[in-house]
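Participant: Residue-level listing of the chains:
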Amino acid sequence: MRSCRRLLSELKLWTSGRRKWTRGLNEGLGGSGKAFLSTSRCPKVCIIGSGPAGFYTAQHLIKACQDVEVDIYERLPVPFGLVRFGVAPDHPEVKNVINTFTQTAKHSRCSFYGNVNVGKDVTVGELQGAYHAVVLSYGAEGNRRMGVPGEDLPGVYSAKDFVGWYNGLPSCRELKPDLSCETAVILGQGNVALDVARILLSPSDILKKTDIAQPALEALAESRVRKVLIVGRRGPMQVACTIKELREMVNLPGTRPEMVTADFEGVSEALKDVPRPRKRLTDLLLKTALDAPGDKELERRRNAAKVWGFLFYRSPTEILADPGCSRTAGIRLAVNRLEGSGDAARAVLTGEVEDVSCGLVISSIGYKSLPIDPAVPFDSRRAVVPNSVGRVHQAAGLYCSGWLKTGPTGVIATTMNNSFDTARSLLEDMDSGALDVSAAKPGSQAVSSLLEERGVKPVTFSDWEKIDSLETRRGEARGKPREKLLSVEEMLKAART
Amino acid sequence: MQGSGFKSLATVKSGNKHNRKRVGLYLKSVFCLLLLSFLTSRVNVVYIDRSGERIPVKAKVGDNVLYLAHKHGIDLEGEGACEASLACSTCHVYVNSAHLDKLPEPEEREDDMLDMAPMLQENSRLGCQIILTPDLDGIELTLPKVTRNFYVDGHVPKPH
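So the protein lines, in turn, are chains Z and P.
Residues in the first sequence are numbered consecutively from 1, following our numbering.
Residues in the second sequence are numbered consecutively from 1, following our numbering.
I should point out that these hints are in silico values taken from the structure, not numbers from a laboratory.
Treat the hints loosely; a few may be bogus.
Derived contacts from chain Z toward chain P, CB cut-off under 8 Å, selection only [said to hold, decoys possible]:
#, residue
1, V94
2, N117
3, L217
4, T242
5, P277
6, A413
7, F420
8, K493
For every residue, glycine included, the Cβ atom is placed at its ideal position computed from N, Cα and C.
Given the sequences, and given the hints that come with them, work out the whole structure.
Facilitator: If you want it as structure tokens, here you go:
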């Protein structure tokens, strides 16, 4: 009787969609894989990390292959990675990609499992057992250290932590940076450095309308920081930031630029054969640093209470503390000169040093990937997973995408193309047989059992939507797009309602 | 009396004919105008997708070139990441020379985002900023081929 009913239900499933039927059969038969239609396949892919890399890889796989099912695992209860925790609060348009990611997450062949720590709650090896392929997209949660004495003094922070603090990353909640000093020095001249400078100097009236973390908003409103120096080892032609961010600094209300004219010697002559992006960027920098402003701009600058500027040809050698007091009081900078030109120019020490008084030092010299599982090959020198076009070396069935694959540079669009490349490699391998998808795999069922045994309860995408809705409602009350929950406990509580 | 009545009837009759003619002419010209505006509001666009395939599309004046491509299923993937807010360069297209100069100059914000696009050319524009006008009829938009290792491109600064 039961088998008859089962047969009938299988037939029904078959008429309503072969794919659905195959899945039902695989699960119903405990994954033995012997199906009536033995040529049908249901490749299952596991993606670790739910930032842009994870979601774009998932998107491409689902679009290109009608059978593939993708499960995305994320350590935090909330998805989207650096789109949520890295993009500056005053750049909401950049976060529009969340809409595309949400569409992917809600696709019938995609599932999101938050609150799962891969490496601790479940190993990569166990995931490889449950899935045909595993894609590592967990990005870069560490940061490069300056490697100078005094780096661990109070008052010195990595940009990664400072950004995490103002963006509500739970692990940065207790940062409580001291903003009672007048001068802040930022090491590094990329977009993250400019984001930090801009958030430090933005009027509260602007910040209070963004999704900035509330404690950060309150601390910045009380901030006594009036001067921000953005320091780089090399010259104006080597700044790593882009023109949009530079323009935002130049136009930042209540601030004026102040730079060293001598740093720009020879720069305009060198611009002749330079590609357009570098030329436009350097032109703006030159204009800001050297040109006499018009009357209106002059007036604006005269009324500006806050100052920012680039400091070139300087490398940090030591963070200085006041004698008898173990707080940051200044930074010792070595003076460099440049050898060579363009992107390949090298900073060479001249032997001179310079001390700058400051109470806040933020090092923005690069994020860094960390190994999460000893079973995964990791190049500690470059801090990436060794791979060729996303295929991890000496590890069949393992792939990587995003910053973990190429190193921590690039904007969301760069990561997008990088992830599509990895997805293409995976699909090629499926088609060629290099990746064997003929035998059925249990996928999330097996992982869910393991997690349950270990007392880990994943957060589903609809659970995230409860968190999302709570944050949005709380934000509305304050005139912000959302009021972020700041701890994993609060997030889980909201998810379980 | 009868004469005047006759006369008035004749006048009315001829007045009616005159009015009918007038109304008819009016209707005809409205129809012609509508037809003309319909015909002239059509803009023919050709997309050349990443595999080199030519895809002709019939569009209307006022259509946005990015959303038009989406509507016709052209290389949906990855384009318009920031949803036309000038915060990315994923809708980067090349415009054919005959129509390039007919486009209004890009605003500074578009140029800033274009600077981030790989394989930038003289005829590069952001698709989300191109709104079709009648003189763009016949415009050809080529989607840049994204090479597999494009992020190795030394020309584009690698910011984050």
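Participant: Look at each hint and say if it fits the structure.
Facilitator: Against the structure, the hints come out as follows:
1. The criterion of a C-beta within 8 Å of any C-beta in chain P is met by V94 (chain Z), whose closest approach is roughly 5 Å, and the hint holds.
2. For N117 (chain Z), the interface hint is violated, since its Cβ never comes within 8 Å of a Cβ in chain P; the closest pair sits about 25 Å apart.
3. Against a cut-off of 8 Å between C-beta atoms, the interface hint on L217 (chain Z) is violated, since the closest Cβ of chain P lies about 22 Å away.
4. Interface restraint check for T242 (chain Z): the shortest CB-CB distance to chain P comes to about 5 Å, inside 8 Å, so the restraint holds.
5. For P277 (chain Z), the interface hint holds, the least distance from its beta-carbon to any beta-carbon of chain P being 4 Å, beneath 8 Å.
6. Checking A413 (chain Z) against chain P by beta carbon gives a least distance of about 5 Å; that is within 8 Å, so the hint holds.
7. The interface hint given for F420 (chain Z) holds, since its Cβ lies 7 Å from the closest Cβ of chain P, which is under the 8 Å cut-off.
8. Interface restraint check: K493 (chain Z) against chain P, minimum CB-CB distance 32 Å, threshold 8 Å, status violated.
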